[in-house]
Amino acid sequence: MESEAAPGSASQLDPTNLYGESDVATIKQALINEQVCPELLQYQEDLVNRLESQISHQEAIIKDLNEDPEQDLLRMIYTVELQRIKYSLRCYLRARLKKLEQHVMHCLDDPNMKDRLSDKEVKYAEDYFLLLGQHISTNVLSAMPQDFKGLLRQSSVSEANDTLARPNLDKHVFCRVLEDQGSVEVDEQGETVDFSKDDLYVVRYRPIQDLVRDSWVQLI
Amino acid sequence: MFGKRAVELINEIANCTPENLPAYNDELVRLVIEEVNEHYNQMSDLVRSMNRSGQDSAEWGMEHPEEASALVVHHACILRNKRLLMTYVKERAERIKSLKWSSRTAAMSIRPQLSATEVEFQQAYDRLLTKYCRKGTGVGMDLTLDTTPPSDPELSVRVRKDCGEVVLPSGTFFLKKNTCHIMPREEAEGLIRDGYVEALEHDNCLLRWDT
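Residue numbers (the numbering used here), protein chains in the order written: chain A, 1 to 220; chain B, 1 to 211.
One thing to keep in mind: the hints can contain errors.
[As the list claims (entries may be wrong)] Taking lysine-lysine and the DSSO-like style, the derived pairs with C-alpha atoms no more than 27 angstroms apart in a straight line are:
| hint | chain 1 | residue 1 | chain 2 | residue 2 |
| --- | --- | --- | --- | --- |
| 1 | B | K4 | A | K98 |
| 2 | B | K90 | B | K100 |
| 3 | A | K171 | A | K149 |
| 4 | A | K99 | A | K63 |
| 5 | B | K177 | A | K120 |
| 6 | B | K97 | A | K98 |
| 7 | B | K100 | B | K135 |
| 8 | A | K63 | B | K100 |
| 9 | A | K123 | B | K161 |
| 10 | B | K131 | A | K99 |
| 11 | A | K99 | B | K100 |
| 12 | A | K114 | B | K176 |
| 13 | B | K90 | A | K86 |
| 14 | B | K135 | A | K149 |
| 15 | A | K123 | B | K100 |
| 16 | B | K97 | A | K99 |
| 17 | A | K86 | A | K120 |
| 18 | B | K176 | A | K98 |
| 19 | B | K161 | A | K98 |
| 20 | A | K120 | B | K100 |
| 21 | A | K171 | B | K90 |
| 22 | B | K131 | A | K171 |
| 23 | A | K123 | A | K99 |
| 24 | A | K123 | B | K177 |
| 25 | B | K4 | A | K114 |
| 26 | A | K99 | A | K171 |
[Stated by the list, open to error] Distance windows between CB atoms, simulated:
| hint | chain 1 | residue 1 | chain 2 | residue 2 | range |
| --- | --- | --- | --- | --- | --- |
| 27 | B | N20 | A | K120 | 27 to 35 angstroms |
| 28 | A | G182 | B | Q123 | 26 to 34 angstroms |
| 29 | A | G150 | B | N11 | 36 to 44 angstroms |
| 30 | B | S151 | A | N168 | 29 to 37 angstroms |
| 31 | B | N11 | A | D147 | 37 to 45 angstroms |
| 32 | B | E19 | A | D180 | 43 to 51 angstroms |
| 33 | B | S69 | A | D147 | 14 to 22 angstroms |
| 34 | A | R166 | B | N11 | 36 to 44 angstroms |
| 35 | B | A116 | A | L74 | 39 to 47 angstroms |
| 36 | A | K98 | B | G136 | 36 to 44 angstroms |
| 37 | B | P65 | A | Q42 | 48 to 56 angstroms |
| 38 | A | E159 | B | D56 | 42 to 50 angstroms |
| 39 | B | R48 | A | S142 | 53 to 61 angstroms |
| 40 | B | N37 | A | Q189 | 46 to 54 angstroms |
In short, the hints are calculated from the structure, not lab data.
Built from N, CA and C at the ideal position, the CB exists for glycine as well.
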């Protein structure tokens, strides 16, 4: 991916976050986190809302510039910037949607996961689950013998929902440490590693799950 | 028997490139379902004979090891066949979905390979995604467009099929075959995907002239 907009540009998109980074940098990181992480992360509602209003603001500016041929270069620069941001935003939503479809039953099943979705995503997930479930039911399950008709259970004697696809939390990820963390336990045997600022690690996702959620660590 | 046929179904898809789909194998699906029912009947017979003996399952298993193991195998076969069938249907649905994301013309050309229920699924998924992309009910952006990081804001395209006057957000274009136009990348992408226009790679042409 290309680097974000140069700091000097007369951009309309420059409120900053906790670390003094612009929204553009934040959405870029959110996008990378979302693409790399095996499970769905918390939906960045405020960020997306802010970006959306800024996008429409910048669109209005570009429209005004359209009238004036002398401002062509400026209009070009604004347009490119706008397109990059729109691209990041779309990519972010796309990445989420893809994971949502993959683990749709898991996401709806677990109230914690459901909280991470936006309202629209919840609606989408419900509709999608219904659609896919019905499709599988009419093609396969309706023809199965009694006791084996369940969509979520292999048979009626299964103890739990055992046909759900779950994200593989033990997938390895690359990550960068943003703040000193001291020693962090990285496996079940209690082995620890010192996470200091700006360190890079390849590590299983599960032990750093909480650190990613609280933005102490970013994925790369 | 014992799941061989269902594996054939899966292999049919596995042997196909990811953007293609073999025709829905009605016949084989029916045979697998028959097989499942056969397993089920045999299993029910065994269960009935167990119940008749009046013993609890552990005791009965000790006394009739052959029947007990047959019961387990039949049960495992049903589960296996069920999983394989579900995978077959699901994997096909996944591919139908991915076509929606890549190209509309391909989505139409795959139609003859689909079963009636799959065509329904395709249409329903189409509606669902469109709803999610629309303003008001969804995010207000067409997520299927803009799949590569943007470079130039505008793109030169050559028209491949006559399509008359086309009104786009940036203006009206008269798209006559073999004419060239410059239009915003975002709007061009949809037309390219539908096969109406093709992108001209300006930079490459210039490079070739220079060297």
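Are any of the numbered hints broken by this structure? If so, which, sorted upward? 1, 3, 4, 5, 8, 9, 12, 13, 14, 18, 19, 22, 24, 25, 28, 29, 31, 34, 35, 36, 38, 39
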